[in-house]
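One-letter residues, chain by chain:
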Amino acid sequence: MQSPSAVNDRRLEKLLLHREIEDFNNAYAAALDDGRLNDWAEMFTDDAFYVIISRENADRGMPVGLVYCENKGMIHDRAFAVEKTAMFAPRYLRHIIGNTQILGEDDNGDIRARANYVVIQVLFDRPEAKLHQVGVYHDKFRRVGDQLKLAERRCVYDNLLVDNALCLPV
Amino acid sequence: MAWQKAASLDELRNRDVIAVDVAGTPVALFRLGDEIRATSGSCTHEFASLADGFVEAEDGSVECPLHQALFDIRTGRALCAPATADLKVYPVKIDGPDILIDLDGVAQPKAPSVVNITDTAKTATPRESLAATPSAASNGGAHSNGGPPLVRDYVWPGDDLSVIPDWVYTDRFVYEREIERIFHGHTWNYVALEAEVPNPGDFIRSNVGPTPVVVARAHDGSVNVFENRCTHRASEFCRELSGSAKEFVCPYHQWTYDLKGNLIGIPFRRGVGGKGGMPPDFDADAHGLRRLAVTSHRGVVFASYAQDMESLADYLGPEVLREFEATFDGRKLKILGYYRHSLPGNWKLYHENLKDPYHATLLHTFLVTFGLMVVGNRSMMLADESGRHGVMASAKSDAKAISGDVKKEMRAFKEGLTLREARFMNFVEEFDSPWSVTMSTIWPNLIVQREMNTLGVRQIVPDGPHEFIMKWTMFGFEGDDEDMTRHRLRQGNLMGPAGFLGLEDNEAIKFVQDGMRHVPDGSHLVKLDPQTPAGTADTLISESAIRAMYKHWREAMAL
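For the protein sequence lines, the chains are L and F, in the order given.
First residue of the first sequence? That's 1 in the numbering used here, and the numbers climb one at a time after it.
First residue of the second sequence? That's 1001 in the numbering used here, and the numbers climb one at a time after it.
Calculated directly from the structure, the hints in this document are not laboratory data.
Beta carbons are placed, not taken as given, at the ideal position from N, Cα and C, and that holds for glycine.
Please note that a few of the clues may not be correct.
Unchecked claim - Partial list, derived from the structure: chain F residues whose beta carbon lies under 7 Å from chain L:
no., residue
1, 1002
2, 1005
3, 1421
4, 1497
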């Protein structure tokens, strides 16, 4: 027979973790919206897998992604390329992340979670903010020191057609 | 009596007859090709409105909807019973955007009311074309009132191909003519890879030009391409991107077609209880889905509305075929996934971008900094004999070998740029070809991408003059091990709508269309490398392959 306080502790622990992941996602969105791509890259583990993949491909078990990074080095390369080399029209982005769910824990302690996301894009010559991408993050979080980091983020987007170009990370 | 406005030209743009009321008199306005004609509005038999009748543009007649009386539109003459009295015919003239008629005038039987002249100010009898049939008239677009001409003239500026008029990319009529004469004309259009429909019953949705088609493998192993449009009520019946089916059933009224597009089932064809149903003489065999000619080469499937196409090998010509077969080298393809995106530009700009090696050395930091496409590399910009196809090719070099002068010209060159994951730019030799990169533009809707080890076909689906959709099908080969597949996927970061190169191309094409949309009667330059007027270039600083494409385009479009 468990003591009532132990039950409370587990619930509390889950609640805290849930809140911690939400805080993480809020910081993640803020880094991208502010264009702090180096900060964004540092939110991943060294061996992190990061991919932006269409739902069409994901549902059919096809691996091709718009962005396909197998480790933090490639995530940094993406950040560097976007900031220093890529030519694209100026724009503002707004990432909105919600419906966070904790799904469970892997044997190695990674926390499996998911969240819905939308990315809204504003181009400088149009009045409207356009829904650029709608999707779901399939995540694995890992505790590194006292911080949560992403060991995996698979961004699966629903909109079949990308509107011209996806210039910045999701 | 004076000229009175009967209607605006616009009202007849997409109609062959309309009913109008001019000062209390019912009038029928007809369009016979470029001619505008006016007659009294009612049949002389029982006064049905002729605007509801059936116009036969070829012999210039109209049939009354009520009892099938027939009249000559140009003379008004009653041609058959039950009508005996002729129609009145009225003289017509065009004034700016308006159609005027004179109720008391006498129509001139020989002078057509409308011909292909745009200058309404100078001619005594103002005459105007509806512009439904663009013509290369030579009297450069005169402006009657300082505004743009009401009718576009479609005159190519200059006597060579070094200046391209913007209307090539922005004009609705030009676009519609392209669908008819190019995508639905004498061309092989890419529709699928055979690996996407490996088994009988497998199908994918695809397009020929903007037109939706289904690509299906039948039980005899044949690959069939037919319009995704029910012959009954035109419904686009196949909604899944791909799948496997025994037959296709239109969801609206359950008309059913087999895997080759034959009509095999019509619910209640004979009606119920002897009532209703299709006419007894309805011929189901003659109402299958519209089928296209199909050919397949090394697992790549093409379709054509023309039934008299030459072989794909002859269509490509020997040089383009050689590059095609270097990529599709006989190994079985393995589909790795898709990229799909819209692009707010004219579809031809995508061809031009890949017939423009000049941009490749300037725009793309990744290409120049990592030695993929650099002035001084061994390279090629090939155009086939017809001018419609092309291959841009380059052999990778060591970036360290690039001379200082060349670097200075290329603002995109980033000295000292290094990647944390450098292996993603590795080239694993796997093709019998001197080139590490080839981009083949196969007219009118296919790009074959062999960017080192990231491989794909890109299908252009035009959607109006200002927009097209790109579908990229990325592949590797059966027999690739896990490492090779991963390498292809990593290298895929270069391509697609988020690729280090791909996103820049998409943005640049958008910028070009933006630049053209808001300047009336603009034109722009493709003058590089005048030593080669049109055709294969022996330098990267050339636009001769673009000029070659327009040589072909103008022939195909008769413009």
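Tell me the hint numbers this structure goes against, listed in increasing order. Structure breaks hints 1 and 2.
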